[in-house]
Amino acid sequence: QKEVEQNSGPLSVPEGAIASLNCTYSDRGSQSFFWYRQYSGKSPELIMFIYSNGDKEDGRFTAQLNKASQYVSLLIRDSQPSDSATYLCAVQGSTFGDGTTLTVKP
Amino acid sequence: GAVVSQHPSRVICKSGTSVKIECRSLDFQATTMFWYRQFPKQSLMLMATSNEGSKATYEQGVEKDKFLINHASLTLSTLTVTSAHPEDSSFYICSAREQGGTDTQYFGPGTRLTVL
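Heads up: the sequence lines are chains A and B, in that order.
Position 9 (the first sequence) corresponds to 9 in the numbering used here; numbering is contiguous.
Just so we're on the same page, the numbering used here is the position in the second sequence counted from 1, plus 1000.
One chain only, chain A, in its complex shape:
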């Protein structure tokens, strides 16, 4: 079992919809969680991080953390075609999932 699991996708949503990306992790002691976005041919860029259980909102993005269930998710509201990318979940800053590819269709 991988330390950080993500559905590889591709996940396809229509423009304007909510995209939901999920990530589970194995180390129950993990304290910090990150979401990165990677466009094709580019390096990852940080979207947001979350440390505490619950929701954290930043613009159209909301990270949700449930330490008891060992999952962290990223919601993207009002999805835009420019959100089409691979989204990487990282735990403790250094253990990355393989990423979920999101396609937002106009």
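When the alpha-carbon atoms are kept at most 30 Å apart in a straight line, the in silico DSS-like pairs for lysine-lysine are as follows:
1) A:Lys42 x B:Lys1041
2) A:Lys2 x B:Lys1041
3) A:Lys56 x A:Lys2
A few chain B positions that, by computed beta-carbon distances, are all more than 10 Å from chain A:
4) Thr1017
5) Ser1018
6) Leu1026
7) Gly1053
8) Leu1068
9) Pro1086
Hints are computed from structural coordinates only; laboratory data are not their basis.
Predicted model only: the values in this text are computed from it and were never measured.
All residues carry an ideal CB built from backbone N, CA and C; glycine is no exception.
Let chain A serve as the given structure and place chain B on it in line with the hints.
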């Protein structure tokens, strides 16, 4: 803030030559820097973790004598691909973690290496 640069952004070299890639944290001091490799349509693969002033820690399967890492200062780490071969052609990405900061890694823009 938290900007990481890499140089060069793109390099083409002949088989058998060595290539050096620089990674710099521009506006913060990075105790730890990471080097990744990514092949087309594949996930990030961590190659090594380097801490300033000490030897790098390499991931299993990564040849330390082929991929030389030097983290000589709190703002600079270099990766040298020695005796490069076509199979070393890949996208090399560095990241840096701020000294005394959170676990956040800030990524450089990457270096695309093509070995002919």
